[in-house]
Amino acid sequence: MRPFEHVRCVSAAEAVRAWHDAGNEAAYYAGGTELLLLMKQGLSRYERLVDIKHIAALGEIASTQQGVVRIGAAVTHRRLELSPELQRLAPLISRVERDVANVRVRNVGTIGGNLCFAEPHSDIGVLSLLLEATMTIQGLDQVRRVPAWEFFRGPYESAVEQGELLLHIEFPACREGTRTGYQRFRHHERPSCIAGVLLEPGEDPGNCGRAVVAIGAAGYVPQRSRSAEAALSGRTWREVAAGAAEAAALTAAESDPTEDLTGSVEYKRHLVEVLTRRAVLEAVGRMEEGQA
Amino acid sequence: MKAPRLELHMRVNGRAVALEIEPRELLIDVLRNRLGLTGTKKSCDVEVCGACTVLVDGKTVSSCTYLAFECEGRDVQTIEGLADGETLHPIQQAFVDHQGLQCGFCTPGMIMATKALLDENPDPSVPEIKAYMRGNICRCTGYHAIVTSIQHAARETARS
Ligand SMILES: Cc1cc2nc3c(=O)[nH]c(=O)nc-3n(C[C@H](O)[C@H](O)[C@H](O)COP(=O)(O)OP(=O)(O)OC[C@H]3O[C@@H](n4cnc5c(N)ncnc54)[C@H](O)[C@@H]3O)c2cc1C
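If you're matching them up, the sequences are chains F and W in order. The first sequence begins at 761 in our numbering and counts up one residue at a time. The second sequence begins at 586 in our numbering and counts up one residue at a time.
Calculated from the structure, these hints are not laboratory results. A quick note: this is a predicted structure, and the numbers were derived from the prediction, not measured. Please note that the accuracy of each hint is not assured.
[What the hints assert, rightly or not] Cβ-Cβ distance ranges computed for the label pairs, FRET-style:
no. : chain 1 : residue 1 : chain 2 : residue 2 : range
1   : F       : Glu879    : W       : Glu605    : 32 to 42 Å
2   : W       : Thr672    : F       : Val906    : 52 to 62 Å
3   : W       : Gln687    : F       : Gly914    : 20 to 30 Å
4   : F       : Thr996    : W       : Asp642    : 27 to 37 Å
5   : F       : Arg913    : W       : Arg619    : 41 to 51 Å
6   : F       : Ala933    : W       : Leu673    : 50 to 60 Å
7   : W       : Asp642    : F       : Glu963    : 49 to 59 Å
8   : F       : His1030   : W       : Lys715    : 23 to 33 Å
9   : F       : Ala822    : W       : Asp642    : 23 to 33 Å
10  : W       : Arg619    : F       : Arg935    : 28 to 38 Å
11  : F       : Arg805    : W       : Glu605    : 51 to 61 Å
12  : F       : Arg935    : W       : Gln678    : 45 to 55 Å
13  : W       : Val711    : F       : Gly966    : 36 to 46 Å
14  : F       : Pro844    : W       : Thr623    : 52 to 62 Å
[As the list claims (entries may be wrong)] Think about it this way: if two alpha-carbon atoms lie no more than 27 Å apart in a straight line, the pair counts; the simulated DSSO-like pairs of lysine-lysine are:
no. : chain 1 : residue 1 : chain 2 : residue 2
15  : F       : Lys800    : W       : Lys644
16  : W       : Lys644    : W       : Lys627
17  : F       : Lys813    : W       : Lys715
18  : W       : Lys715    : W       : Lys644
19  : F       : Lys813    : F       : Lys800
20  : W       : Lys715    : W       : Lys627
21  : W       : Lys627    : F       : Lys800
Just so it is clear, CB atoms sit at the ideal spot from N, CA and C, and this is done for glycine as well.
Please work from the sequences and hints to get the whole structure.
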């Protein structure tokens, strides 16, 4: 690795300033689990690493009275996996985190680093679409909020512009009785395909009022399937279960897979279909068993 | 750019260590090349195989992709710190007794990961062992003997 200077910051404003002072030669540094891989291979070079792990606000997990869960960008995967508060407030996040990467990467890697790196096989990308998260981003002279559906622009490209700092991610409260299914398939370290389904009860709790279907790792960016969502919404739970295959086929048709080390376009489209069907059935099954 | 330097103070296997390093120095290189602790192995170099696993304040990290300065004021444990003189640590003994190793290259990482697992969860189930150890790869034994070794290690550790 080439030499660099390490600047440790204790506030977001100080970090953004430290980045700009280095004039495009700096990178924010959280866990380094992605950044250091690139730097070791000489694919990226920086004069300065701006360390954001010691900014208190970025390390917080908080919840508001409206039930919004706010996770600081520098919170590690491992904390999300083990946090009792999160297990209560947003159990899907903890459940998914148990299977992210391996325990060493989870001990060090952060949720913000995952989102900002925008690696196509990210679980957090799918989670943020599924739970309709909002990202808060700070630049030199403004703070802005970006909904998850506008956050992912392409492979390794997010709405966080050069020199901007991701502060936190907010996950809105789920309606009482909401159930989720989350399926991933992996034979490499990172998943080859992910499908997540969220089913919210309607005014009549015997019906699915609203469905969210999100997939990831298949294509360059995580994606929602509006056609599958429409097909599942407003149905009775029995119809939702019976309609799982149809919703899965719609999702596969709407998906935009790309070939990579984990498989061909055709193979991934197949995975999307299988995993979406299983995720719908998983969510309905949890409903029947009374689990979140 | 001229390489900046900094002072690093940490404890390695219970012993205080102070040295001057560059920010870019990786923990594995400091352990192996500067402190002569070559038990920690470099293998995949991309945080996948687990051969370079060491504990920092009790938590597993991939020392191949972890900057040494992060250990300032912290406790680092490597495979060299486990045995008590000629007496193997119960985890090491369990791996020997139950053939949890063949070539031995993955073993320091396997054992350090087991140490962190048992410190956190002294009586893990087989699925819990498999989930925790998923990120440590062995190319010779298959994993049965490793899981068995860890189960025995848990029993022995609980007893002592
Ligand atoms: C072996 C392996 C397996 C993995 N498996 C999975 C998996 O199964 N599922 C999954 O979802 N992910 C997986 N990952 C990705 C993992 O989650 C990320 O590596 C980790 O979360 C990145 O966080 P970090 O803090 O280490 O980021 P860093 O490496 O510190 O940073 C990554 C990038 O984001 C920038 N950055 C970091 N924080 C901010 C911020 N707050 N604001 C602006 N820019 C920022 C950095 O400048 C850098 O460009 C895997 C990674 C590895 C190495």
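Here is what the structure says about each hint:
1. F/Glu879 - W/Glu605: 32 to 42 Å: Holds, at about 35 Å.
2. W/Thr672 - F/Val906: 52 to 62 Å: For F/Val906 against W/Thr672, whose Cβ atoms are near 57 Å apart, the range 52 to 62 Å holds.
3. W/Gln687 - F/Gly914: 20 to 30 Å: 45 Å, violated
4. F/Thr996 - W/Asp642: 27 to 37 Å: 52 Å, violated
5. F/Arg913 - W/Arg619: 41 to 51 Å: This hint holds: roughly 42 Å between Cβ atoms.
6. F/Ala933 - W/Leu673: 50 to 60 Å: 52 Å, holds
7. W/Asp642 - F/Glu963: 49 to 59 Å: Since the Cβ atoms of W/Asp642 and F/Glu963 sit about 51 Å apart, the hinted range of 49 to 59 Å holds.
8. F/His1030 - W/Lys715: 23 to 33 Å: Once the Cβ atoms are compared, 27 Å apart, the range 23 to 33 Å for W/Lys715 and F/His1030 holds.
9. F/Ala822 - W/Asp642: 23 to 33 Å: Because 24 Å falls inside the window, the suggested range holds.
10. W/Arg619 - F/Arg935: 28 to 38 Å: For F/Arg935 against W/Arg619, whose Cβ atoms are near 56 Å apart, the range 28 to 38 Å is violated.
11. F/Arg805 - W/Glu605: 51 to 61 Å: 23 Å, violated
12. F/Arg935 - W/Gln678: 45 to 55 Å: 54 Å, holds
13. W/Val711 - F/Gly966: 36 to 46 Å: 40 Å, holds
14. F/Pro844 - W/Thr623: 52 to 62 Å: 40 Å, violated
15. F/Lys800 - W/Lys644: 23 Å, holds
16. W/Lys644 - W/Lys627: 18 Å, holds
17. F/Lys813 - W/Lys715: With a Cα-Cα distance of about 30 Å, the restraint between F/Lys813 and W/Lys715 is violated, given a limit of 27 Å.
18. W/Lys715 - W/Lys644: Holds, at about 18 Å.
19. F/Lys813 - F/Lys800: Roughly 21 Å between the alpha carbons, so the hint for F/Lys813 and F/Lys800 holds.
20. W/Lys715 - W/Lys627: 23 Å, holds
21. W/Lys627 - F/Lys800: 14 Å, holds
When held up to the earlier numbered hints, the structure conflicts with 3, 4, 10, 11, 14, 17 and fits the remainder.
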